[in-house]
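Chains as they are written, first to last, in the numbering used here: chain A, 1 to 308; chain B, 1 to 590; chain C, 1 to 108; chain D, 1 to 208.
One or more of the hints may lead you astray.
[Stated by the list, open to error] Computed cross-link-like contacts, DSS-like style, restricted to lysine-lysine with a CA-CA straight-line distance of at most 25 Å:
#1 D:K11 / B:K135
#2 D:K101 / D:K171
#3 A:K157 / A:K294
#4 D:K126 / D:K11
#5 A:K261 / A:K51
#6 A:K103 / A:K123
#7 B:K577 / B:K459
#8 A:K103 / B:K459
#9 C:K10 / D:K99
#10 D:K99 / D:K69
#11 C:K10 / D:K171
#12 D:K99 / D:K171
#13 C:K10 / D:K101
#14 C:K65 / D:K11
#15 D:K101 / C:K13
#16 D:K96 / C:K13
#17 A:K179 / A:K294
#18 A:K179 / A:K157
#19 D:K171 / B:K135
#20 D:K69 / D:K126
#21 D:K11 / C:K10
#22 A:K301 / A:K207
#23 A:K103 / A:K179
#24 D:K99 / C:K13
[Unchecked claim] A few chain B residues that face chain C, going by a derived Cβ cut-off under 7 Å, partial list only:
#25 I206
#26 H282
#27 I334
#28 G344
#29 G346
#30 I349
#31 K459
#32 F468
#33 A471
Derived by calculation from the structure, the hints in this document are not laboratory data.
Don't be surprised by glycine CBs; every beta carbon is placed ideally from N, CA and C.
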Amino acid sequence: MLRLLRDLSMTKAGSHIVRRGWAGLVVVVLTVVCIMQVAPAHGQAVAPQVKVPIDGEYARGLGLPTDVSKHGHGIDWLIHATHVFMAVLFVGWGIFFVYCLVKFRQRPGHQAQYDLVKAKPSKYIEVAVLVVEIVLLLGFSVPIWASVKNDLPDPDKAFRVRVQAEQFAWNFHYPGADKQFGRTDPKLVDTAINPLGLDREGDPHAKDDVFAMELRIPLGVPVICEISSKDVIHSFFLPVMRVKQDSIPGMRIPVWFEAVKEGTYEVACAQLCGNNHYSMRAVMYIQPTTDVEKWLAEKSKPPEEFVD
Amino acid sequence: MSHGSNDHHHHGPDHHHHDHPELGWWRKYVFSTDHKVIGVWYAVTALVFLLLGFSLVMTMRWQLAYPGQPLPVIGALFSENVMPGGVMLPEFYNSLGAMHGTIMVFLGIVPLIVGGFGNYVMPLQIGAPDMAFPKINMASYWVYFVGGIVMLASFFAPGGAANSGWTSYTPLSVTATAGQTWWLIGMVFLITSSLLGSLNFIVTIIQLRANGLSFFRLPFFVWSQFVTAFLLLLAFPPLEAAAVLQLMDRVAGSSFFMPTGLVVSGVVQSYTGGGSPLLWQHLFWFLAHPEVYVLILPGMGMVAEVITSNTRKPLWGYRVMVYSLVFLGFMSFIVWAHHMFITGMGTRISAFFATTTMIISIPSVVILTALVITLYRSSIRYTVPMLFALAFLPMFAIGGLTGLPLGLPAADIQLHDTYYVIGHFHYVVAPGTIFAAFAGIYHWYPKVTGRSMNAALGKIHFWLSFIFINAVFTPMFFQGMAGVSRRLYDQTLYQHGVEVQGWTIMSSWGAWMLGLSQVPFILNFFLSMRAGRKVADNPWESTTLEWAAPSPPPHGNFATVPVVYRGPYEYSVPGTKRDFFPQHLTKAEA
Amino acid sequence: MDAAHADVSKHVKAYLAVFAALAILTIVTVLVAQIDFPGAGNVIVALLIAAFKASLVAAIFMHLKWERAPWIWISLVFCVVFFAVLMALPVLTTNDVPPRVEHTSWGR
Amino acid sequence: MSVAVLPHTVKPHPITGVYSGKLGTWLFLASEVMLFGALFSSYVLLRVGAPHEGPAAWPTHDQTHLSWKIGGLNTIVLIVSSVTMVMAWANLKMNKFAKGKMYLAATLGLAMTFIIVKLAFEYIPKFTHEPPYLPSTNNFFALYFTMTGLHGLHVLGGVIVIAYFLGPGSKLWHRDPEYFTNRIECTGLYWHFVDLVWIFLFPVLYLL
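With the rest of the complex left out, here is chain A (with noise of 0.2 Å):
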């Protein structure tokens, strides 16, 4: 290395592609300071969030988090059993390699063979990885995908709930004691008492209704979550739940899980939705039916100055 810079010391001003491979370094040396003083708009700093205790682990057999809901086995086991074929495939594969490459190597007297070798045993690793490809997808992915997405159990015995998405905020919807959401009307929003644009005057369905920013869900019991956004697309990842799906404006697309155990967890946002995306974090509370309809009772006492 240093004889190579003495070299280059020795020599005069460079190649035409030296001087413009030098060039190019400028070239981002430059940008890059650019890039470090130009202006975009402030930040706003983003409001602190009150932390509460989260239960779970994160980071169990292969770091899938905690499973709390009924169907999530499935799902966890359709990811352990793909990474064990994968960890199959790519040691046997691995083994061979480094076999070659040990003994294959260049050396005094040893020469490449010109013939190919007749392989048949890839062809047969080949069919086989295919045929477990296809096992795992048709027997076991799309049967639970079918009932994830399919099987939605009767909406008037499931415990409903409206999601609503927004830069950068999860609101929660719940219809109250007459299991009806009432309107909501984008001209009614105001993101300080009104965020939902509930129709709270027009509708009847709507005097009970509740919103809040946090999910409180019964245990045992099918829930639907129907979600939409009002802004951007978002995603609804409960990752204890083993569910995902993108909120997308202009479409209400229900979800169901069940949960089958208590506990304080996380709703995550897992579509880049814009400048706090990071923020955009909810809390789940898993409560026994009654304490989730006590819960709901109370918050749906009108706050005092809203009553006419």
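Let chain A serve as the given structure and place chains B, C and D on it in line with the hints.
Structure of chains B, C and D alone, referenced to chain A:
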């Protein structure tokens, strides 16, 4: 018709080279129509962009590892508007993230492996004097260059550069700051450039092959460029259309991607509505899935070239590999919606796309297997390019295998949009394609400059890069498994993020070390041009046609037009004196 | 070039015939659009006529009828296949959604 | 420095049976098919998914304010220009330069007629109408302006190319008539494609 006689043929597109043998500096180096000069331009520009894209991410990694803490030393250099007190703002983080993806994919890797290597090596490998349309080739480079400048200019737009991710999902991108408009205009330039480039590649390969060079005698690298060019040609236009539609939404107020009743920050939007946000995703991924193969196929081609040359053995299953390549290219057009499983997709269509995804994994397995079997009973020469090519194999395998759980819709529910995805595609592209590109640089450097790169520095570069690139990307699988979403400015707001923060820190340190590991390469790259060991025309003793040309090849490439007598990888042929049998030599000459 | 001459002068008649056909079909398209076919009938009829006109242009004006170069055909076949994919799959995808997905136009 | 001349620029390649320019033109057209294909695909998706009422609903015939008469006129103009284009090539092929040039000029005139009709009777009246019809009016108009605008840009591109070959580009004929004829053939292929797109645009936007 007498006019059609031979002498009129000299009035082809580049007849003026006859009239003016001494071209001025501008015509020779800047507006050159020589595929080699254009190739070098492409490669150097792309390397500059790669370095830039990488420095963006190295800055981001500080915020990820130590959220809210001021970036030491460098942080003070940034404007107070983007990093007050040296702490990065979320909008700057998002800009850097979006620009990192865009620069790496559209301005870095594709121009390097297609524009650079494809332009330089492919015409040499087929024995052509130049590309079929030299002027269009030059236009392709300059349109790319302008596109790159426009893209970078978006950093200076009010509100900063595009910040909606390299995927620019609507409606976020439509309501985003002005940088997004620059991004879209930049994309239109880049798409036009790759359109011009790809049709040139296809025509060159079809029309300008040397006599005797039939399709099944083409080097695998040429095949990979051929398939890639078709992907670029047919997959990019829908994104161009989509970019135009998004521009209309942003500039003319149309509602292609805007549904009725959007309320952003409590304000009812003035869009008429009736649009579909998912339409963008369809048009985007219709390009972007084939684009994944655009990113990897030329890499596979380069690795195949380096491996055959350094194993002194023919490529195992050449024909099967070619069929797999074509099949991969074809299938890549009908798998795109596996990026959209959780947008609310039904069972039938998701099963369809999952099935095509499983099917497309097979030809990749076939190609990888063939490359490994080529090692069997070979004689491996551990040169620097070979080290990179060999490292490509297991790391591309990791990238490919981790695609499997993402392709199964049920498993994708948990893993979609987490760091697992980031780990997966970076393993394909970074230790995969970029390692292949390093292999290509070390391999063809002697052809371009007539000098070889320093092997000791090369080996230092390889081992450091190999160790640290794994340190960067392996932790991402664990983060993803724990459920950490991608594109988070600060994952420690989440409990599951806090628990795997250690992995993030490891990944960040890996990235910075990886950056340092490139210093030997950069030194080697520049110093060897003046001080590297002078080498003969065929230093690796390879068989393909580019080594039959002088190093560096003159304008017009070959002194005599080569004729091809055999397949591309005739190494260690029994009964020949040397262990390689070049394509253009007759039995007697060899 | 004599053979080419003969070929080309033969083509000229075809060009004029195609021109007549295109003009007539344009009028037919307009007339047919006034009739109310059941269901998607109007769309199908209009697109069929347009497709027929387009194939006339491609076959005669663009000389595909006489085109023998294999790579032009290979490229076109790929192009047509992927065009079909591009037309069909987004629509199929949007139509296959899980039950009870609602398309809301929030707040009309 | 000596430069090998690129083979197959003028004469067809003996094996592939085509000269490079023509193959390149066809590949370019293939990518154009995908470009317009994406727009047509968007049209289908947006029209099928449009709300049934409200301002974003798909307009009925009366609400589109598109006259099939003007659209039909432009259709005929483009079809005639396609014929003159192919006649220009046929005459050049038969070594009749003057006649070929005349047909080429006719094509240019018709192409400009198309643009003028488009602007004078369609775009400008829509912009100046009270209230104006703009891309922001609804997605029908947005698609109408995008698709016809992009098509119009293609027509404009054709005008520039044809004008070039009528003017400075025609010198090539005196040096190498076959090369010139080939270039006109490629221009023609492009021009017919522009016509072909309009053949679909006309019913889709004006009649359905």
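Here is what the structure says about each hint:
Pair hint D:K11 plus B:K135 holds up; C-alpha atoms about 19 Å apart against a cutoff of 25 Å. Restraint check: the Cα-Cα separation between D:K101 and D:K171 comes to about 12 Å, which is no more than 25 Å; the hinted pair holds. Of the pairs offered as hints, the one joining A:K157 and A:K294 holds, with about 18 Å between alpha carbons and a cut-off of 25 Å not exceeded. Between the alpha carbons of D:K126 and D:K11 the distance comes to roughly 49 Å, so the proposed pair goes past 25 Å and is violated.
In summary, the hint linking A:K261 to A:K51 is supported, as the alpha carbons are separated by about 21 Å, within the 25 Å threshold. For the given pair, A:K103 sits about 23 Å from A:K123 by alpha-carbon distance, which is consistent with the 25 Å threshold. Pair hint B:K577 plus B:K459 does not hold up; C-alpha atoms about 31 Å apart against a cutoff of 25 Å. The straight-line distance between the Cα atoms of A:K103 and B:K459 is roughly 21 Å, inside the 25 Å bound, and the hint therefore holds.
Under the criterion of a C-alpha separation no larger than 25 Å, the hint pairing C:K10 with D:K99 is consistent with the structure, at around 17 Å. For the hint pairing D:K99 with D:K69, the CA-to-CA distance comes to about 32 Å; that exceeds 25 Å, so the pair is violated. For the given pair, C:K10 sits about 28 Å from D:K171 by alpha-carbon distance, which is inconsistent with the 25 Å threshold. Taken as a hint, the D:K99 and D:K171 pair is honoured in the structure, with Cα atoms around 16 Å apart against an allowance of 25 Å.
This hinted pair checks out: C:K10 and D:K101 have alpha carbons roughly 20 Å apart, not beyond 25 Å. Annotation: proposed proximity of C:K65 to D:K11 holds, straight-line Cα distance about 20 Å (limit 25 Å). Between the alpha carbons of D:K101 and C:K13 the distance comes to roughly 20 Å, so the proposed pair stays at or under 25 Å and holds. For the given pair, D:K96 sits about 17 Å from C:K13 by alpha-carbon distance, which is consistent with the 25 Å threshold.
Between A:K179 and A:K294, the direct Cα distance comes to roughly 15 Å. Compliance with the 25 Å bound is thereby established for this hinted pair. Under the criterion of a C-alpha separation no larger than 25 Å, the hint pairing A:K179 with A:K157 is consistent with the structure, at around 10 Å. With a C-alpha separation of about 19 Å, the suggested pair D:K171 and B:K135 falls inside the 25 Å cut-off, and the hint holds. With a C-alpha separation of about 16 Å, the suggested pairing of D:K69 with D:K126 holds against the 25 Å cut-off.
For the hint pairing D:K11 with C:K10, the CA-to-CA distance comes to about 22 Å; that is within 25 Å, so the pair holds. Restraint check for A:K301 and A:K207: satisfied, since their Cα atoms lie roughly 9 Å apart, inside the 25 Å limit. A C-alpha spacing of about 72 Å is found between A:K103 and A:K179, which places the hinted pair above 25 Å, so the restraint is violated. With a CA separation close to 17 Å, the supplied pair D:K99 and C:K13 stays within the 25 Å bound.
The restraint placing B:I206 at the interface with chain C holds, with a minimum CB-CB distance near 5 Å, inside the 7 Å limit. The beta carbon of B:H282 is positioned within 7 Å of a beta carbon in chain C (closest approach about 4 Å), and the interface hint is therefore held. Against a cut-off of 7 Å between C-beta atoms, the interface hint on B:I334 holds, since the closest Cβ of chain C lies about 6 Å away. With a cut of 7 Å, the hint placing B:G344 at the interface with chain C holds, because the nearest CB-to-CB distance is about 6 Å.
Satisfaction of the interface hint for B:G346 is found here, the shortest Cβ-Cβ separation to chain C being roughly 4 Å, below the 7 Å cut-off. Checking B:I349 against chain C by beta carbon gives a least distance of about 4 Å; that is within 7 Å, so the hint holds. Because the beta carbon of B:K459 sits about 43 Å from the nearest beta carbon in chain C, more than 7 Å, this interface hint is broken. Below 7 Å, beta-carbon pairs count as interface contacts, and B:F468 has none with chain C, the closest being about 40 Å; its hint is therefore violated.
A least Cβ separation of about 39 Å between B:A471 and chain C goes past the 7 Å threshold, and the interface hint is therefore violated.
Of the numbered hints stated above, those contradicted by the structure are hints 4, 7, 10, 11, 23, 31, 32 and 33, listed in ascending order.
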